[in-house]
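In order, the protein sequences belong to chains A and B.
Taking numbering that gives the first Met the number 0, the leading residue of the first sequence gets 0, the next gets one more, and so forth.
Taking numbering that gives the first Met the number 0, the leading residue of the second sequence gets 0, the next gets one more, and so forth.
To be clear, the hints were calculated from the coordinates, so they are not data collected in a lab.
Be a bit skeptical, because a hint or two may be false.
For lysine to any residue, the following SDA-like pairs were computed, each having C-alpha atoms within a straight-line distance of at most 20 Å [what the hints assert, rightly or not]: (1) Lys575/B / Ser564/B; (2) Lys379/A / Trp563/B; (3) Lys575/B / Leu400/B; (4) Lys360/A / Leu319/A; (5) Lys575/B / Ala593/B; (6) Lys375/A / Lys383/B; (7) Lys383/A / Lys245/B; (8) Lys93/A / Ser25/A; (9) Lys375/A / Ser564/B; (10) Lys706/A / Glu734/A; (11) Lys383/B / Ser564/A; (12) Lys383/A / Ile552/B; (13) Lys135/B / Thr157/B; (14) Lys699/A / Met364/A; (15) Lys135/A / Ile177/A; (16) Lys379/B / Phe557/A; (17) Lys383/A / Ser564/B; (18) Lys520/A / Pro545/B; (19) Lys706/A / Ser693/A; (20) Lys383/A / Glu556/B; (21) Lys575/B / Ser71/A; (22) Lys379/A / Glu556/B; (23) Lys575/B / Tyr73/A; (24) Lys93/A / Ser247/A; (25) Lys379/B / Ser564/A; (26) Lys245/B / Asp278/B; (27) Lys383/A / Arg567/B; (28) Lys14/B / Asp278/B; (29) Lys379/B / Pro558/A; (30) Lys93/A / Thr159/A; (31) Lys699/B / Thr675/B; (32) Lys245/A / Met168/A; (33) Lys375/A / Trp563/B; (34) Lys379/A / Ile552/B.
2 protein chains.
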Amino acid sequence: MAKSADRYFGLHEQKIIEEGFNPDYSLESESIFTLSNEHMGIRGYFEEGGVNSLRGSYLGGVYEAQPHRPESNYRGFVDRTHYMITTADCLSTKLTVAGEELNLTACSFSNYYRELDLSNGLLLRRFTWYTARAGKIDVVLERLISMDRPDQLVQRITLTALDMDATVMLNMGIDGNIVHQTTQRCQWNDVSNEHQAPDDTLVLRTATTDMNVRYRLLTQCDGTLSPMRTHRGIDHTYSFTLKQNKTSIASRTVSVQVARSGENLPEAQPFADFATVLDENTRHWHAFWAQSDVEIQGDLQNQQGVRYCLFQLHSTYRGLDMRNNIGAKGLTGESYNGHAFWDTETYCLPFYLFSEPKAAKGLLMFRYYTLPEAMKRAAKLDLKGACYPIATLDGTEACTLWQHSSLQMQPSTSVAYAIQTYAELTDDQEFLKREGAEMLVEIARYLLSRGGWNEQGFGFYGVMGPDEFHMMVNNDFYTNYLGKKSMIYAANVIDRLTPKELERLIEKSSLSADEPIAWRKAADQMILLHGENDVFEQHEGYFSLPHTDIQAIAREEFPLYDHWSYDRIYRTDMLKQPAVLMAMFLYPDDFTDAQKEANYAYYEPRCIHESSLSPSVHAIIASGLGRHEEALDFFGFATRLDLDNYNRNTREGLHMSSVAAAWLTIVEGFGGVRFTGGNLSIAPWLPEGWTKLSFSLRIKDSILRAKINATDVTLSCEGSPLRLAVYGKPLTIGETPVSCITERMLA
Amino acid sequence: MAKSADRYFGLHEQKIIEEGFNPDYSLESESIFTLSNEHMGIRGYFEEGGVNSLRGSYLGGVYEAQPHRPESNYRGFVDRTHYMITTADCLSTKLTVAGEELNLTACSFSNYYRELDLSNGLLLRRFTWYTARAGKIDVVLERLISMDRPDQLVQRITLTALDMDATVMLNMGIDGNIVHQTTQRCQWNDVSNEHQAPDDTLVLRTATTDMNVRYRLLTQCDGTLSPMRTHRGIDHTYSFTLKQNKTSIASRTVSVQVARSGENLPEAQPFADFATVLDENTRHWHAFWAQSDVEIQGDLQNQQGVRYCLFQLHSTYRGLDMRNNIGAKGLTGESYNGHAFWDTETYCLPFYLFSEPKAAKGLLMFRYYTLPEAMKRAAKLDLKGACYPIATLDGTEACTLWQHSSLQMQPSTSVAYAIQTYAELTDDQEFLKREGAEMLVEIARYLLSRGGWNEQGFGFYGVMGPDEFHMMVNNDFYTNYLGKKSMIYAANVIDRLTPKELERLIEKSSLSADEPIAWRKAADQMILLHGENDVFEQHEGYFSLPHTDIQAIAREEFPLYDHWSYDRIYRTDMLKQPAVLMAMFLYPDDFTDAQKEANYAYYEPRCIHESSLSPSVHAIIASGLGRHEEALDFFGFATRLDLDNYNRNTREGLHMSSVAAAWLTIVEGFGGVRFTGGNLSIAPWLPEGWTKLSFSLRIKDSILRAKINATDVTLSCEGSPLRLAVYGKPLTIGETPVSCITERMLA
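One chain only, chain A, in its complex shape (with noise of 0.2 Å):
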């Protein structure tokens, strides 16, 4: 079950570099050279087209609607789903020297050379071309998405002749006519005519969601000028004469602006030129460095792959705007239908949490302003409360598999458990009695709605856990033990209230008083399922199940959902990611080493990890253990499973569960970070070959930055002073640099 990587790009501190060109390679440089900016999102797909590409470009929280008629008319069956579409390709480009078109496939050149720096966000590819008729010419094509102006991207083109005069013709458009992948069709409808658009401007709406893009072309050349109004599209052409030895710059802004149904167009922010969002940006992200870094030294590849994984996660998500969550690929790709799972609050939720607060918020607040679907969606259970979706782009649930949407309870306790996390580090009052309230009384209310008594007590029945291959269960140690601690976190929020705040959420939520005493009795009397020598039972009748030998399953049959009868793969001790230790990860506090140390060594060796996010649970539990080889194993590829293409599917886009669980393998695993209750501590020990380790954690109003190297832990904090436990003991950390002697070195 060894991944291995396919490395293709050049290793640098902080950039992604493409050295000559390899088409076999071009939809991995795509996705891997995707910018964007939580607002849009482009792949990084050669402008002027020619080779192997999935064209995408996508907007956050843009969407069609999609009628499914499920397997069987059962109530609870989900009847309508939805994905995210492919949008206009704003980077439409047609350049033609001397008649002859440019197309890396079929014309001659050299010097390729494409990087994407890390620092400004600056994607930048050069060659030269040996054109048939005008010799040749140098070619260097830029983009950027706008940190600070969302709505807009740029492009410039710089061509020189080097050889002899030429005759260009520069074509920079804007298609709409892209067709999205999976469903093999263009989406959308020209209503152009319909808003009077100007000639630089097209309007773009969806067929289902009846939702409306507006484009605005704006283009710069020195050249004739011919514009074109096409079907759903937009051409600027440039004629001109290049002189040789002379360098002309052509480029273009594009702003885009998305109203929802109902909704009227934003006005566009005002329009930037290259040079000044090359300036904002570097700006933009040399703040963001400053606060958020990863320091490796000793280690290029992880150094690199870690930036790339902290540059990625502030693209794809910030907080912009609370209709958006993180897609399980980010806007680098179709695949998963951009649809968020709760892999959001468990997996990406700590980074932001620890870096920009205002983005965590804004994951909590998409759950709040998706409440009343997720309210609607435990109706059609026949339950209380609310039940939040397991894949989703607009809160409605869009998993058409039931045994998936109905069975599983973990993205409704992921956001109890989010709403605590996040509370508890920013000390967000204000949200916690108000939306956070109003959240955690109705997920309360499902769960209590969802569950059963019996003589032994309270507990979950039919069920599916995080680790997907047992379904059906009852008693899952995961779904009782989160469900436990969110009615409890519920009715103590409740506790904590004034009596006017008591009020208005009474007024909201027609909350009776005798509510949480039955949230609590039912997490008091909650089953959590005890074996022998501190084993929890997984769920209950786990420890009787047949045992798979996974060591003697053959590397061709994995992924497993691909080679083995669907129902084979739930009827053994066999795991697909942790449970009991992701309830351990989740709350570390509440288990003993002793406990993580016996389920560790009882259920790690069941797990296949067909997850992809199973590897950084184990690694982080692993750490705390002092299980240090074991850990680096499971880090193994973390930050660097795209860039090196460790699952071969880096095409279809990035993971970004995974490049989040990079980070928090690291702070977490490495760093031995932790926050619960309030409480900071870290324990940190250095991986072997690395010689230093650094990160920075913002929390409240401080920033704390770590150092670690072979023996020494120097921390510091801007702002307030900090009160950690540095290895368990407790010291306050202000802005003198403080060093301790690192504690857990690797075994």
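For chain A, the structure is supplied; the task is to place chain B on it using the hints.
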């Protein structure tokens, strides 16, 4: 949850009578008046149309296939399904008198009367038609489906002009344009040309399964004939003058042959006219009733009901073609797609075993004929041997719900059970040692490969037992018990083979010597979960499930599948239909009365009987336990479920398994008949109000006749004397009737 009768038909010992026509019951009447002979079935629709109708004619084993796109691409999901289709209407009739077309919805009429005579299968309808321009006409329409010439049906139309001469135009045709209601399509291609069919012959072909059906129409009438071929049809139109007070008789014979893909159309049987078929049918049914009648005195409703059930059982299936099975609706409607379920072996088989061994063998040969399909299905599920389908017409799995088609093992164990029961009752060693042994080997292989081992022994994991309200359960008592019995029986049968027979089996099945050893080992160590006080646990964890008070469920919430969220049904101790009790019903000698009593007392109150088959099993077990009042409650509407439309869906067709269950309840319940391990026993009791119950059982070459009245049980035997136990006392019964005092009266 009590069901109520919607009585429409008149009571009679051996007729079903409709006196006066109520168009609101036209669909129900169509179902009730269905005639069939296994080869074909025709609903009792008005030949001339004009009323609300499901104009259904069906041919045994004639169906269409359809690719199915499953909810997901998981392996083992069914990707092709199939369904019985509507075939041509062979009774198409148009009667025009003095320019006015007969239509009972639009015309005036009196003296409407319809009856189905169970003594000969004659369906007769008569009325006096008040024509607008030719006075009153007596109309009699009669039809028969031939039992001795299964490819033929006959119709007779008798007209008498009461008031004056009348000009008549009578059209008798075959209409292949009938639309299949479920798909809203006519599925037939007219390929008569291709077959160079003469003018009186029509050949139709199915679109996907390449089946050819040849219809030949012979008509007789004193008048001028204008024959016509139409697309998918034949029309014979006769014109004549009907003299006042004279009677004119027109008649038709239609013959219908079927050729499956790759087969030639068989020769038609010699044509018979109406009188011949009536005569033959009268003799056929006389012989049937002489052997298989159940007589009930003192209860005309049940007398009529049970005879109607017997009539339909023999009409629907009698072993003509081993490629036919018994659809859930027989040949009486489209609903359930004509599919046969495991009900065939568990509910329908006993009637045939005790009355028509050839039919019983036919049902088993169907499973043998489709063994290759069952083996392919097992392979698709990564399993060995043969996995029989949960729903099928042709042996392939037609059920597209993976949770049923992948998790329910009872179709396969039912086949093993049926082989054993058949072999023990008929002593058909040749079948047992050849086809039977082959099937048993593959079933045992399937079972062994589907199960798993743990420290407690062998069991089945991730199954859905016969109680379909629990899914993905482990060590389901029924599944494990039937698995155990099936594997032991397979090994026992192999043990009893002669070396030559064994050699043949090894050649056929590549059986290795260690296989039966492995089956016995698994069977010996089969996990059977015992609770306290003789109660078996339905499956692992069942006893800990939250309790549902089924009495508290409002009547409007039934059927639960329509009113409850799907997953909600699956997480309490509520049962849909018997599971532990079902095992006890199938293997009554394996369990003590104390065990039966304990399990009945425990499980019955938890069962909502959502399957219409559930009450009969409970009635039979309650009978055996002397719980006579409860047995009668469960018997309730058994014989009249469709006649009195208790489920309010008789319009869709008859409930064939329920029809069989009615017989089962009378003979095995009230009659106390058991046949296990080669031993026959009988222990009757007489329900309150009944003055006499008599039935017959065919056992090998003997026919046992039992007459029960309030005080005595009188037994006699035609053929070889029979040894049996009466109320537990061994007796030998010969031709001379033997009487004993009834021991078990109504409590």
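Legend entry - Structure-inconsistent hints, enumerated in ascending order: 5, 6, 7, 15 and 26
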